[in-house]
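Residue numbers (the working numbering), protein chains in the order written: chain A, 10 to 376; chain B, 8 to 129; chain C, 122 to 466.
It should be emphasised that the hints constitute simulated quantities derived from the structure, not laboratory data. Fair warning: there could be bad hints in the mix.
Claimed, not checked - Part of the chain B face toward chain A, derived, beta carbon under 8 angstroms:
no.: 1; residue: LEU24
no.: 2; residue: GLY25
no.: 3; residue: LYS33
Being a predicted model, the structure only gives us computed values, none of them experimental. C-beta atoms are modelled at their ideal positions from N, C-alpha and C, and glycine is treated no differently.
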Amino acid sequence: MANKGKKFLINNIVPIVILIMLVMAIPMSGLSGGYLVQEMISRLSRNSFLVLSLIIPVVAGMGLNFGIVLGAMAGQLGLIFITDWRIAGMEGIALAVLISLPIAILLGIIGGYILNRAKGREMITSIIMGFFINGVYQLIVLYGMGNIIPMTNKKIILSRGYGIRNAIDLKNIRQVLDRSMVVKVGEFTVPLLTILIIGALCFFIVWFRKTKLGQDMRAIGQDMEIAKSAGIAVEKTRILSIVISTVLASIGQIIFLQNIGTMNTYNSHEQIGMFSIAAILIGGATAAKASIPNALGGIILFHLMFVISPRAGKELVGSAQIGEFFRVFISYGVIALALVLHQWRREQENKAERKKMMEIQLSGGEE
Amino acid sequence: MKTIAARTGVILAMIFLGIFLFISGKEHAVFIENKGEKYTPKNAYYILDGKEEVKIKKKKKKREYIKGVNHTIEVRFKDANGVEKKIVKEFKTKMGKKIMINVAMIESDSWLKIEDLKSKKK
Amino acid sequence: MEKIKSYIETMGWPRVIIALFLLSMYIMAPFVGLNLGTSISDTLIRFGMNAILVLSLMPMIYSGTGLNFGLPLGVEAGLIGAVISVEMGLTGVFGFWGAIVMAIPFAIIFGWGYSQILNRVKGGEMMIATYVGFSSVAIMCIMWLILPFKSQDMIWAYGGSGLRTTISIENYWQGALNKIFPMADKIPFGEIIFFGFLAFLMWGFFKTKSGLAMKAVGANPKFALATGVNIDKVRTKSVIMSTMLAAIGIIVYQQSFGFIQLYLAPFYMAFPAIAAILIGGASVNKATVVNVMIGTFLFQGILTMTPSVINNLVKTDMSETLRIIISNGMILYALTRKGGKKNGK
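With the rest of the complex left out, here is chain A (with noise of 0.2 angstroms):
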């Protein structure tokens, strides 16, 4: 009928928008199916983790949480530590995730305390805050180690005898999940472990979906004021669903960084935060709503984009500089696409609302 397929047309209208740019650019890019498919794998392995730690907090009604920016500063300051002190494989990993557990719950706990205090305006928040941390962050990284941390590594270290270089190399942990178990495809190589521990989050996120507590985080998502006269303790479950976003980011960022081998200790989490939220924005989620496809398919299809677009800036223009550029407008201007494209959408449903209503009012209106 062609009012379900108008309002598949309608729920789907970001990712649809971003396919039909992509079918266009590939071709102009010139790269190969090929090529792109294992691209895909292996992006895919890296940043799914993280994308999906999205989900809870928009199903807690908190918006996009900008903030997974602490949870990958938590995931980064294990790695730091696993790096001085040389431990190595699959220990190294579980290591800095141990370590950075605490560090993420205090994160997530601030940063939910943070954004209670700032309701209604949660994202913009997260935003800011997402800064805020990283200057602590800085404050820990660039003068606290080597000073008042003490670190053994001095491969690490700056030359001035302090602070963390900019750039480390993770060689002891280096491919350690993706490589461990290995399938092959094809011509394709699938990294299964790490798409296993995938997996095993997406079961996670389903059933907890299902327990009391995942619930409670719909009804305060729906509707705060009906959450609380229900008896539900909202202050503490919206700090709760941070937390959880927090410490599953933080996995999430030492999965990416254990497959790119290296870490940029100032910069590898900024754009993690903008990029994951793009890819769940392009996959059809909402500030109001996410679900796993639109985590998985909105990484397939930024990631293209993110891959084809400096290519295809390249060939219509001839500049590699130009094509850099050209993927920033549009990993942005992308975002801007979606979220204008949600509001619009909010609009619609609004509308068809108070059409209804009002077709009830008169309906009963009439005697």
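Since chain A is already given, all that's left is putting chains B and C on it; use the hints.
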């Protein structure tokens, strides 16, 4: 009461897990050299913990990183009479101790030297 | 006691705390080896540099279009005016006014386009504004590379094409506003007077019929609609006004700073301005000229003083990191105050 006990239990478990991971995951530096008293083979080969075989020339020193506590080293070279020798020895790495292995002396008892780790030069 | 308490309450605790903090910085200055006179003069100079950018937020706040996170858009218009002025070789006061005159048409066009987007997303303006701002910086980066500018002072040396990242206007119109006043390098009278002039215009505007209509649209859209006001048109007007002021603001900033900064420089410029106006006591839908003045002074004061004081105390240069912590900390402080009207994400 129960939650405090549960929480302390979890924290203790995490600490123990952390310690275990630390010990079993820590990489230690091991110094390998090829310097014999009476005879030094021109080329010696060693395999640490089942990794790839490494060649070490006469009088050269190498530094390797190995993870964990228990290790084996398999050494192979031609001795003074041209006879191919292959010896396997086991050793442990300890925190704060420097391990030096002389492959040329692998047959005698003085193949392994343990020193206290001095603080690294800045 | 009660009187003091109620006075503080009207001022708002955050402002009092920050003012006291700033005061303590000034007091500490001589003890850590900083010249008090220089410190105050530095603060005033930074005030002059930034005040108009902060002022530019007013129209959009009143019309309910939210905090203008898309400020970079206006800044880009100002940058275009500035580079055209240098390209044309204008110097001194001509260069300064030339830049403004050239920037205005771009500001109007950009502002109009921007307002069309914002009018379609009522309730979610702030987030979208942020990303419109970011995208515009990125697109202008491409423009700076491909637009056909020829002035030797601006393009890359050795036969490169495209504009340099930082362009010195020392020989053009640096300090143009203050030259005619005494103590030009200590107290920026020119900038302060120019700001005062624009602030006066703002204050006057909001007493006119259009200004009141704008306030009404923000405060009570239904009422405004009932009195026959075209909401979208008024919002558009406010956005264009904000964009024009932002363009003028960046030109004043540059003539004080001495450099035109292209490419990624405008990226985060919205945040300090927003921090300043929030510190000054403004909220998401109410901002007065007094908010602008107090906020800019407090914010720039802290931004100037705290790193210097702490650097001298600890003998390390931590200015960049401290700036990040302070400016964002202040925005957080302001965002988490109770009693801002609930607004879209």
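Hint check:
1. LEU24: Hint holds; LEU24 of chain B Cβ to chain A Cβ min 6 angstroms, cut 8 angstroms.
2. GLY25: 5 angstroms, holds
3. LYS33: 5 angstroms, holds
The structure shown violates none of the earlier numbered hints.
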